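Protein chains: 2
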Amino acid sequence: MRIEIDPELVEHYIMKLGTFGAYGDTGVWRVVYSPEWVGAMDQYAAWCGDAGLTVRRDTVGNLWGVLKGTEGGKSIVSGSHMDTQRPGGRYDGALGALAGLIAIGALKKQFGTPKRTLEAVAFCEEESSRFPTTNFWGSSAIVGRIKPGAAETIKGYADETVADAMRSVGLDPARIGESRRDDIDTFLELHVEQGPILEHGGYPVAVVDAITGIRHKKVTLKGVQNHAGAFPMDLRKDPMAGFAEIASGLIDNAHRMGRPAVTTIGRIAVDPNFPSVVPGNVEFVVDARHPNEAVRQEMYARHDAFMRGVAARRGLDITIEQLLDHAACPSDPGLVKLLHRAAEKQGVRVFQMASGAGHDSQQMAAIAKVAMIFVRSKDGRSHTQEEFSSIEDIVQGIRVLAAGMHELAY
Amino acid sequence: MRIEIDPELVEHYIMKLGTFGAYGDTGVWRVVYSPEWVGAMDQYAAWCGDAGLTVRRDTVGNLWGVLKGTEGGKSIVSGSHMDTQRPGGRYDGALGALAGLIAIGALKKQFGTPKRTLEAVAFCEEESSRFPTTNFWGSSAIVGRIKPGAAETIKGYADETVADAMRSVGLDPARIGESRRDDIDTFLELHVEQGPILEHGGYPVAVVDAITGIRHKKVTLKGVQNHAGAFPMDLRKDPMAGFAEIASGLIDNAHRMGRPAVTTIGRIAVDPNFPSVVPGNVEFVVDARHPNEAVRQEMYARHDAFMRGVAARRGLDITIEQLLDHAACPSDPGLVKLLHRAAEKQGVRVFQMASGAGHDSQQMAAIAKVAMIFVRSKDGRSHTQEEFSSIEDIVQGIRVLAAGMHELAY
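Residue numbers (the working numbering), protein chains in the order written: chain W, 42 to 451; chain G, 42 to 451.
Please note that the accuracy of each hint is not assured.
To be verified - Mimicking SDA-like on lysine to any residue, the simulated pairs with C-alpha atoms at most 25 Å apart in a straight line are: (1) W:K278 <-> G:H296; (2) W:K156 <-> W:A86; (3) W:K150 <-> W:D83; (4) G:K278 <-> W:R127; (5) G:K278 <-> W:R256; (6) W:K259 <-> G:F315; (7) G:K258 <-> W:N314; (8) G:K419 <-> W:A353.
The set of hints was computed from the structure by calculation and includes no laboratory data.
Keep in mind it's a predicted model, so treat the numbers as computed, not measured.
Looking at chain W on its own, in the form it has when it is part of the complex (with noise of 0.2 Å):
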């Protein structure tokens, strides 16, 4: 049976959620305890209001959406994140989040009441764009991996501690392990792709069979700092030399491996930075993603060794350390069969991927079973204002997130 999701309302909510926070004429700048995050909060509590399901906030800000089941059980469950980068755009976090009230909300008009319950979940943190370390903050609490007392101590970009930020909004910070959850049974999760494989390959719809595994590795190159005139290039130590080779190598290296391998260098920072002084020290993030763990680990053993080839040969001290490593985490394979059985009763095209981005579905694997829908991203743009998917694709989306649902809780 179909499933009609109307694209008026679709349009109607992304378009209302980005004025929380808007930047620029399309941005988003919402971060975590704001309050423009406050304001698209209360905004989505309103339409779960609206679509039928009981509105609950639990200790860390997370905000959830309930539609009861007649036979009770463990919950299926779908969102995403509300808080954005700085700036993002209005798809990124925002559309799962809605994606799984629409969803919800058109199955209960179209269906009635569900045997199992379903839930729509806005979660309040994701991106780490507030404070560095707290990125899955509100999918952590619920997997229960916030440590006792982490708020305090974590601080934000403009110094202030998330507990703080959580006090600025009525929450209670010594109280955040009461979000821990284990009644969800499933937890799925739509999103926009921010790659360009769905655009490039004529799809509208992905089916994610897993969310890659990523490390980043803080890279130090300590050289010689020196005069750029009076040192000749033969008996200079140069870090900046150093990192020019490694980032050619490593990016080489990732691109030669093939699809899906990834490396990013996408943060430098040298000292002292003049352009008449041969760098001192050359410090720079490396990151790199599979979702195949052992082709994760022979990436980074490739990685490792050029660098330090490239650092010996050059008379350079290297040091790397790790600052995070997430294991590939794949998708319930009933569940990405579910949503391919779901997709082509609804008629949709989808095709299957891994995740090149992380999402908060690998932190409720730890509790549930996970597969994510991703919809196509406009020349595959993610972070930035520029972000677009349209509204027929997100349609198709929904529709797949909602057919499966609809398997699982009817």
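For this one, chain W is given, so just place chain G on it according to the hints.
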């Protein structure tokens, strides 16, 4: 006849001058028109008086110690700059100012009044460490290259104008033009090498036959900012990848051209400079130098062709803006020969080389014959508090300088 330079006096002057703006154990942080700079200039004036020189301060803040010759005519001048990097060491600039003063003082003591007028000079500014575009400020004023009103418009790193800084130490910026001179015949500048060539070659001192030509280009690579995980390598337009390839290529190019070609990339700015974002823009400065004008132009042509080729192949927009261009400045051949003769007579082994750094002598060449003397730098270090030259080497250098001035003035 052996010219005697008192090593204890030399060491005392260096150490004492280094107390004005002392930074850390051995550094000096003394920008133009600062209280530390005023203190150092006053100390220099006092020592000029001790040596029997007449002190004169000009309208831009240069300080002159004059020993009138019996026959008049144009002056034989030696000195260097009193300002430092932030922080620099005790030797860069300061040593040359002291060398002129010590040499003339020693000549007066040993040989009495000269025929030709001798002058020691401490230039007010050379490093552009307080104002990004004032470099050679002191010597530029002497040769008449500061445009009227420039002091009112040039702003410093701390946003003050040069004019305000001048007024704060009692100088009238409207009178800068009065610093111009046309009565200097010869300018000799002693300076630390700031490189490792003398140390590697086993020479205490060098006669400098040219100051290298230098060009600074600001290069901007514009790609497409994207998510570090979701965007496949083969579809990226990553300006960091382009930068890495360009930096490697330019550095290799200069290296392969051999001494004295140098190319440095010391400054880079990445936008947005986040670990998980493929950057949208990378901006960097290429500092490339060669003392032979034809080879210099050939190097720039190769650099530019390479940069444009990489950008085109990677689909990056490239803009190349010239920030600075100084032609190479050959020393006066007669003075080079004279300094070699002087060194031989004083029993000092000297090397002959080009300067890879810029110096006030380049400016002075507009109104006078110029040549330079280099003193060996420990480990080739400069623009750092670790900068060091031994008193033994310094004394040898001053003896060559004094012997040269003796031949010219007595």
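Tested hints:
no. : hint              : verdict
1   : W:K278 <-> G:H296 : holds (13 Å)
2   : W:K156 <-> W:A86  : holds (23 Å)
3   : W:K150 <-> W:D83  : holds (23 Å)
4   : G:K278 <-> W:R127 : holds (22 Å)
5   : G:K278 <-> W:R256 : holds (22 Å)
6   : W:K259 <-> G:F315 : holds (12 Å)
7   : G:K258 <-> W:N314 : holds (15 Å)
8   : G:K419 <-> W:A353 : holds (24 Å)
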